[in-house]
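First to last, the sequence lines map onto chains D and Y.
Taking full-length UniProt numbering, the leading residue of the first sequence gets 1, the next gets one more, and so forth.
Taking full-length UniProt numbering, the leading residue of the second sequence gets 1, the next gets one more, and so forth.
Worth flagging that the hints you see were computed from the coordinates, not collected in a lab.
All C-beta atoms in this analysis are idealised placements derived from N, C-alpha and C, irrespective of residue type, glycine included.
Hints should not be assumed to be uniformly reliable.
Claimed, not checked - To spell it out: a stretch of chain D is covered by chain Y in this simulated footprint if at least three of its residues, at any positions, have a beta carbon under 8 Å from a beta carbon of chain Y; those stretches are: (1) 26-36; (2) 197-205; (3) 221-232; (4) 235-248; (5) 252-258.
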Amino acid sequence: MKKTALSLTVLAALALGSASAQTTIKIASLSPLSGGQSDLGTQIRNGTQLAVNEYKAQFKKLGFDLVLVPYDDQADPATGTAAARKIAADRQILAVVGTLNSGVAIPASAALQPSKVAMVSPANTANGVTDRGLSNMNRIVARDDSQGPAGANFISGNLKAKKVYILNDKTAYGEGLAKEVEKALKAKAVTVSANEGTEEKSDFSSIIAKIKLQKPDAIYFGGIYNQVGVFIKQLRESGVATPVVGGDGLDSGELPVIVGAANANNIYFTTVAAPIDALPAAKVFAASYKKTFNDDAQGFGAFGYDAAKVVLQGVLNAVRGNSNKLPSRAQVESAIRKGSFTGLLSGNVAFNSVGDRKAGTLYVMNVTDGKFKLSTSLPVKAPKP
Amino acid sequence: MDLATLLPFLVNVIVGGLVLGFVYAIIALGYTMVYGVLQLINFAHSEVFVTGAVVGFEVFRLLKGVDMNGYLKLVIALLAAMTISGLLNVLIERLAYRPLRNAPKLVPLITAIGVSLILQDVLRVIEGLQGRFDLTYTLPAGFADKFCAATSSCAPLGNFLRGVGVDLQLKDVILVVVALLSLGILNYLVNRTRLGKAIRAVAQDRVTAGLMGIDSNRMISATFLIGGALGGISGVLFGMKFGTVNAYSGFDPGIIAFTAAVLGGIGSIPGAVLGGLTLGVIQNLIGVTNILGQVVGSENLGAIDASYQRIGAFIVLVLILIFKPTGLLGKSNVEKV
Numbered sequence: 001m002k003k004t005a006l007s008l009t010v011l012a013a014l015a016l017g018s019a020s021a022q023t024t025i026k027i028a029s030l031s032p033l034s035g036g037q038s039d040l041g042t043q044i045r046n047g048t049q050l051a052v053n054e055y056k057a058q059f060k061k062l063g064f065d066l067v068l069v070p071y072d073d074q075a076d077p078a079t080g081t082a083a084a085r086k087i088a089a090d091r092q093i094l095a096v097v098g099t100l101n102s103g104v105a106i107p108a109s110a111a112l113q114p115s116k117v118a119m120v121s122p123a124n125t126a127n128g129v130t131d132r133g134l135s136n137m138n139r140i141v142a143r144d145d146s147q148g149p150a151g152a153n154f155i156s157g158n159l160k161a162k163k164v165y166i167l168n169d170k171t172a173y174g175e176g177l178a179k180e181v182e183k184a185l186k187a188k189a190v191t192v193s194a195n196e197g198t199e200e201k202s203d204f205s206s207i208i209a210k211i212k213l214q215k216p217d218a219i220y221f222g223g224i225y226n227q228v229g230v231f232i233k234q235l236r237e238s239g240v241a242t243p244v245v246g247g248d249g250l251d252s253g254e255l256p257v258i259v260g261a262a263n264a265n266n267i268y269f270t271t272v273a274a275p276i277d278a279l280p281a282a283k284v285f286a287a288s289y290k291k292t293f294n295d296d297a298q299g300f301g302a303f304g305y306d307a308a309k310v311v312l313q314g315v316l317n318a319v320r321g322n323s324n325k326l327p328s329r330a331q332v333e334s335a336i337r338k339g340s341f342t343g344l345l346s347g348n349v350a351f352n353s354v355g356d357r358k359a360g361t362l363y364v365m366n367v368t369d370g371k372f373k374l375s376t377s378l379p380v381k382a383p384k385p
Numbered sequence: 001m002d003l004a005t006l007l008p009f010l011v012n013v014i015v016g017g018l019v020l021g022f023v024y025a026i027i028a029l030g031y032t033m034v035y036g037v038l039q040l041i042n043f044a045h046s047e048v049f050v051t052g053a054v055v056g057f058e059v060f061r062l063l064k065g066v067d068m069n070g071y072l073k074l075v076i077a078l079l080a081a082m083t084i085s086g087l088l089n090v091l092i093e094r095l096a097y098r099p100l101r102n103a104p105k106l107v108p109l110i111t112a113i114g115v116s117l118i119l120q121d122v123l124r125v126i127e128g129l130q131g132r133f134d135l136t137y138t139l140p141a142g143f144a145d146k147f148c149a150a151t152s153s154c155a156p157l158g159n160f161l162r163g164v165g166v167d168l169q170l171k172d173v174i175l176v177v178v179a180l181l182s183l184g185i186l187n188y189l190v191n192r193t194r195l196g197k198a199i200r201a202v203a204q205d206r207v208t209a210g211l212m213g214i215d216s217n218r219m220i221s222a223t224f225l226i227g228g229a230l231g232g233i234s235g236v237l238f239g240m241k242f243g244t245v246n247a248y249s250g251f252d253p254g255i256i257a258f259t260a261a262v263l264g265g266i267g268s269i270p271g272a273v274l275g276g277l278t279l280g281v282i283q284n285l286i287g288v289t290n291i292l293g294q295v296v297g298s299e300n301l302g303a304i305d306a307s308y309q310r311i312g313a314f315i316v317l318v319l320i321l322i323f324k325p326t327g328l329l330g331k332s333n334v335e336k337v
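Excised from the complex, chain D in its bound form:
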């Protein structure tokens, strides 16, 4: 009996082997595909898909079948970590594009680290993502400690605000960003009347009452569009026209939809994902995104695409370094950290010792009558060499 079972297994293995003569290389994407932040997460998945489509032929020539496996983290650390464990268990997955949320990236990258699966994030900005110095965690966007000061500079320099009310969404992302903004504003002697956390998603009446009482010149909200949008809508409806400033979490076409075009005025946000029309190379990308997914490409789509290109060029480098054979996860990990990548929408990418991009750009966007306009852009450098 035992013998039959064994030979059956061998036969099955042979049959499988001959059915796919090429070795499969899988790339995973990890982002929220369901839930309140799925609009951004789907952009990341789609951008990754476009890059994979583009590189399929190159991998085929080397004898590899390139596949994307999208995972859903629902913007939730526990779900993301569970997905990361599944990714670690699938030996064919060599690297991950993701995540959207810093709060998810931190535990997920820790779960992936023992099995040396490299992650390249198109969106995480919390300092803690790379400050832990994990060998597998990289990001192609600027950090909170550059995004926060940029927002603060804008508030004090461009908006000339003397008194600012800060809100945050109590996540690693929003709280981290709000803290950086508060620090930078205080350094400029701007009064910070509050740095208040709220997980509320629908009723902001008590916060708005406090804002009306304190009459700040500007409001900063470290949070994601689906929460901040509802807040701004209620703020404007109750007659407060004070400028609202935020981080890249506001960078979604859904924001003016939630706020309502008539109320979507006087909103500013710093973003690591450039508006598509501010990236000279992005025209072709935007067109093929529209064609493939029947939806408009947004910043995170472009950055998902860039992060995927970094991953894929890294894998290719590792393949070449391994005399055109399937590289190990460790080889891919070091090829990504040490490589320098070109031909990206957002310019060239090279990582420092902890996985931060050596030189990046931050953009300040302005929302007027529901339309996004580029207000200004600033170069940023990684704090460590």
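Go by the hints and put chain Y onto chain D.
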């Protein structure tokens, strides 16, 4: 900060909490009705409520360009949401609870959570197919305006409201009126009609009521229909008040409304209303505690900011359950619903 600026601020916060409380109260009634009759916590009620909000959104969207009185649009939205949410609730009972009626109590509870998750994704797919996720209410003109801002006939009232610092929008007033009307009708239905009498009989003792010739299945369906219709109303009110809903927005208000029902004494209609109003006011007051802390110069109070709003509601609940386990107005085993 002096008393002259603080007092209107506080009045405003409390009035805002009461308006919010009416939304919770109407949702809480849906929980309480079903619990009163079946001793079942219908966790799918939060999705029944979101369904109402989605229906309301669709009605307002379809009627956007139509030249029609704004209040008429609201009535159409309310009726449509009541019908669809009510029927949905009846369907849920038929498919998910009735087959399990004699199972241990934990089983229908788990089914209820399952139904709730399924409905969330069904709603997401239905709206997603049309390319929408966050549904933004397009209210009839004027609904978002300040109450008594322009019309000269309500100038004395408007002056009075402004005098005490109350800052209401027309839609807040509409919300409270609709909530009070629904409450009145429900009260009449349950306490003054044959149907209400039969429902109360089934709530008290299903078997004996059956022996007296009451079709208990029909009465349970009727309860779910009424509870669902209330869910539909609250959905539209929620959408009107907060401006946006999505398939997943039911969870938070659902949990708070459920808490309100327990706080008031689950199974009791006035209890659900009292619980809802209490939680609304408490939530808003906790949200501004840090300002009050600044006034009295207390560092500790100053640290309690809006992030504690929700926890406050649950602390009150725990306290009530410790000191009066039946809830504020709950009586043990006498006259449910």
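Evaluated hints:
no. : hint    : verdict
1   : 26-36   : holds (count 3)
2   : 197-205 : holds (count 8)
3   : 221-232 : holds (count 3)
4   : 235-248 : holds (count 3)
5   : 252-258 : holds (count 3)
In this structure, none of the earlier numbered hints is contradicted; all agree with it.
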